[in-house]
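A.B. asks: Based on these hints, arrange chain B on the given structure of chain A.
Below are the chains, spelled out letter by letter.
2 protein chains.
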Amino acid sequence: MCKLAVIALGGNALLRGNQSGTIDEQEQNTTDTLENLIFLLEEGYNLVVTHGNGPQVGNILMRNDAGEQIYDIPQMPLDICVADSQGGIGYMIERMMHNVLKKHNIKREIVTLVTMVEVDKSDPAFENPTKRVGRIYNKEQSGKLAKDKGWEFREEVKVKEGWRRVVPSPQPVSILNYKVVETMARSGTIVIASGGGGIPVYYDENGNVRPAEAVIDKDLAGSLLASSVGADEFYILTDVSYVYINFNKPDQQVVEFLNLADTRKYLAEGMFAEGSMAPKIRACMQFIEKGGEMSVITEAFKLADKKFGTKITMEYED
Amino acid sequence: MCKLAVIALGGNALLRGNQSGTIDEQEQNTTDTLENLIFLLEEGYNLVVTHGNGPQVGNILMRNDAGEQIYDIPQMPLDICVADSQGGIGYMIERMMHNVLKKHNIKREIVTLVTMVEVDKSDPAFENPTKRVGRIYNKEQSGKLAKDKGWEFREEVKVKEGWRRVVPSPQPVSILNYKVVETMARSGTIVIASGGGGIPVYYDENGNVRPAEAVIDKDLAGSLLASSVGADEFYILTDVSYVYINFNKPDQQVVEFLNLADTRKYLAEGMFAEGSMAPKIRACMQFIEKGGEMSVITEAFKLADKKFGTKITMEYED
Numbered sequence: 003m004c005k006l007a008v009i010a011l012g013g014n015a016l017l018r019g020n021q022s023g024t025i026d027e028q029e030q031n032t033t034d035t036l037e038n039l040i041f042l043l044e045e046g047y048n049l050v051v052t053h054g055n056g057p058q059v060g061n062i063l064m065r066n067d068a069g070e071q072i073y074d075i076p077q078m079p080l081d082i083c084v085a086d087s088q089g090g091i092g093y094m095i096e097r098m099m100h101n102v103l104k105k106h107n108i109k110r111e112i113v114t115l116v117t118m119v120e121v122d123k124s125d126p127a128f129e130n131p132t133k134r135v136g137r138i139y140n141k142e143q144s145g146k147l148a149k150d151k152g153w154e155f156r157e158e159v160k161v162k163e164g165w166r167r168v169v170p171s172p173q174p175v176s177i178l179n180y181k182v183v184e185t186m187a188r189s190g191t192i193v194i195a196s197g198g199g200g201i202p203v204y205y206d207e208n209g210n211v212r213p214a215e216a217v218i219d220k221d222l223a224g225s226l227l228a229s230s231v232g233a234d235e236f237y238i239l240t241d242v243s244y245v246y247i248n249f250n251k252p253d254q255q256v257v258e259f260l261n262l263a264d265t266r267k268y269l270a271e272g273m274f275a276e277g278s279m280a281p282k283i284r285a286c287m288q289f290i291e292k293g294g295e296m297s298v299i300t301e302a303f304k305l306a307d308k309k310f311g312t313k314i315t316m317e318y319e320d
Numbered sequence: 003m004c005k006l007a008v009i010a011l012g013g014n015a016l017l018r019g020n021q022s023g024t025i026d027e028q029e030q031n032t033t034d035t036l037e038n039l040i041f042l043l044e045e046g047y048n049l050v051v052t053h054g055n056g057p058q059v060g061n062i063l064m065r066n067d068a069g070e071q072i073y074d075i076p077q078m079p080l081d082i083c084v085a086d087s088q089g090g091i092g093y094m095i096e097r098m099m100h101n102v103l104k105k106h107n108i109k110r111e112i113v114t115l116v117t118m119v120e121v122d123k124s125d126p127a128f129e130n131p132t133k134r135v136g137r138i139y140n141k142e143q144s145g146k147l148a149k150d151k152g153w154e155f156r157e158e159v160k161v162k163e164g165w166r167r168v169v170p171s172p173q174p175v176s177i178l179n180y181k182v183v184e185t186m187a188r189s190g191t192i193v194i195a196s197g198g199g200g201i202p203v204y205y206d207e208n209g210n211v212r213p214a215e216a217v218i219d220k221d222l223a224g225s226l227l228a229s230s231v232g233a234d235e236f237y238i239l240t241d242v243s244y245v246y247i248n249f250n251k252p253d254q255q256v257v258e259f260l261n262l263a264d265t266r267k268y269l270a271e272g273m274f275a276e277g278s279m280a281p282k283i284r285a286c287m288q289f290i291e292k293g294g295e296m297s298v299i300t301e302a303f304k305l306a307d308k309k310f311g312t313k314i315t316m317e318y319e320d
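Residue numbers (my numbering), protein chains in the order written: chain A, 3 to 320; chain B, 3 to 320.
Looking at chain A on its own, in the form it has when it is part of the complex:
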């Protein structure tokens, strides 16, 4: 059976920090990233691609705000905005993938699935919203929105009178369509799924699927997707070529190989920054704990050069 890899595109894989977010910039970055997946296809891998949506869904939320202000168009809730972003980004990746495959004379079907991801309404994250989304408001605006829409706000640092909506970031529990993703991927189709961490939903007491106003970490959702489809390898493509220990300290050190026990130890010692590398490390560890062979964290444009990247496995190779 062919090996199956799940690739999580994030950070600068789609949009670099210094870019404004035009479609031309996004398409070029995406193409450069996808070029780095070709070697996997040439080695016979089946592929599932997932991706972040931070800048894109941020813009969609801002446009919803602006559309209401100028044209009185009803704002869509967060779940619809995430779903919109899955459509737009997924299509862009799919079309760029068509063209990259054409260049390399590789024939594969490519599909993009809109994906719901189940969360648990009793997840403690719902009591403590931390994920900042949308635009910055002043105190009066944020107060009115809190009253009108029930949104929660936190003060921004570094911004005078800056308040931003915060939403919960619960753990992903299940990927609703993972069986379809697995069937298609194992038949050779490249599947793009679970963008932006998936659209968060929960089952209510009657078994109905309801939207959760939340954002799921895309690497944790990607890891769950990888385990659910029985992937062999899980790749997180980001803006660094390696994971570091003692990052930004005199004894800073690149690590190329990590076993699960050492990774867990370094994480417990606070070697990886929360809000940055730590969630990626957790996503990689969860994949290995559930039976995956190898997790890799590397730079989006360097995946094809295997000398880069930190590889996490159950045991070190002999």
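I should point out that these hints are in silico values taken from the structure, not numbers from a laboratory.
All of these numbers come straight from a predicted model, not from anything done at the bench.
Each hint should be verified, as a subset may be incorrect.
One copy or two, either will do: identical chains are not told apart, so a pair holds if it fits within one copy or between any two.
To be verified - Here are the simulated DSSO-like pairs of lysine-lysine, each with C-alpha atoms no more than 30 Å apart in a straight line:
no., residue 1, residue 2
1, LYS109, LYS123
2, LYS304, LYS267
3, LYS123, LYS151
4, LYS181, LYS5
5, LYS109, LYS181
C.D. replies: Same frame as chain A, now just chain B:
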């Protein structure tokens, strides 16, 4: 083999003319519409669902305009806006379908595919853009946008100084992922695909897939999808229970059954209004011409009551 039906949801299936477009309205209409598909599932049909996106993509375009005005966020091109709408609407239909199936104790996988549809760049529609999209501008604004973005504009009637962007509405040539749609649908999965007529793309001289700034008629795309997957039946759900001949004339007459020859004759005689019933009739005829058994035009909330609806077949039944 189970029968396969393609259902095109349009008009008031998702949003009624007198509604403002809140998510609650859209969800309730969608649920009411999907209830009318249950009898097909109970008869053992496999289903592909496609849908319009007029009000939703109109709002997305307006929000893009507003977001640029207030926050200087780069506007996304039309193809991305259509893709966004496929994500949001597809997710909404998929989630409502989950809950309707739950109520009826029916177990099926449901997936939403982001779908590109090929058009021909030499289609004469590209020389004569007719489809109005986005907001109404005044003459000065439209002149600036025509210069800055290369958009074409037409004057609105009934509006003082009203100008609207027009884009081409070319014929759909092929559905890029129809094979995947067919495979999944025939395995019993309910597939939601080709929303808003699909994201229009074309193959350039190098075989690369490029976006076409255009809008494809959703019923024509739905008909092509139905033929491509070898569907037996094609349903267009709209806001009338029947097709009429001599509509709004003293001898107005409901038609419940039509054969292909009579349908073609009535169409040639101008019995069906352009911009309204005529494209739906053409979509139904094309499906029959390519070997489909039956096309049906009926009211979204009345499909389950088979006494409603105009049925178009190759020959009248004896």
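A.B. asks: Determine for every hint whether it applies to the structure shown.
C.D. replies: Tested hints:
no.	hint	result
1	LYS109 / LYS123	between (42 Å within a copy, 24 Å between copies)
2	LYS304 / LYS267	within (27 Å within a copy, 63 Å between copies)
3	LYS123 / LYS151	within (20 Å within a copy, 46 Å between copies)
4	LYS181 / LYS5	both (17 Å within a copy, 23 Å between copies)
5	LYS109 / LYS181	both (23 Å within a copy, 14 Å between copies)
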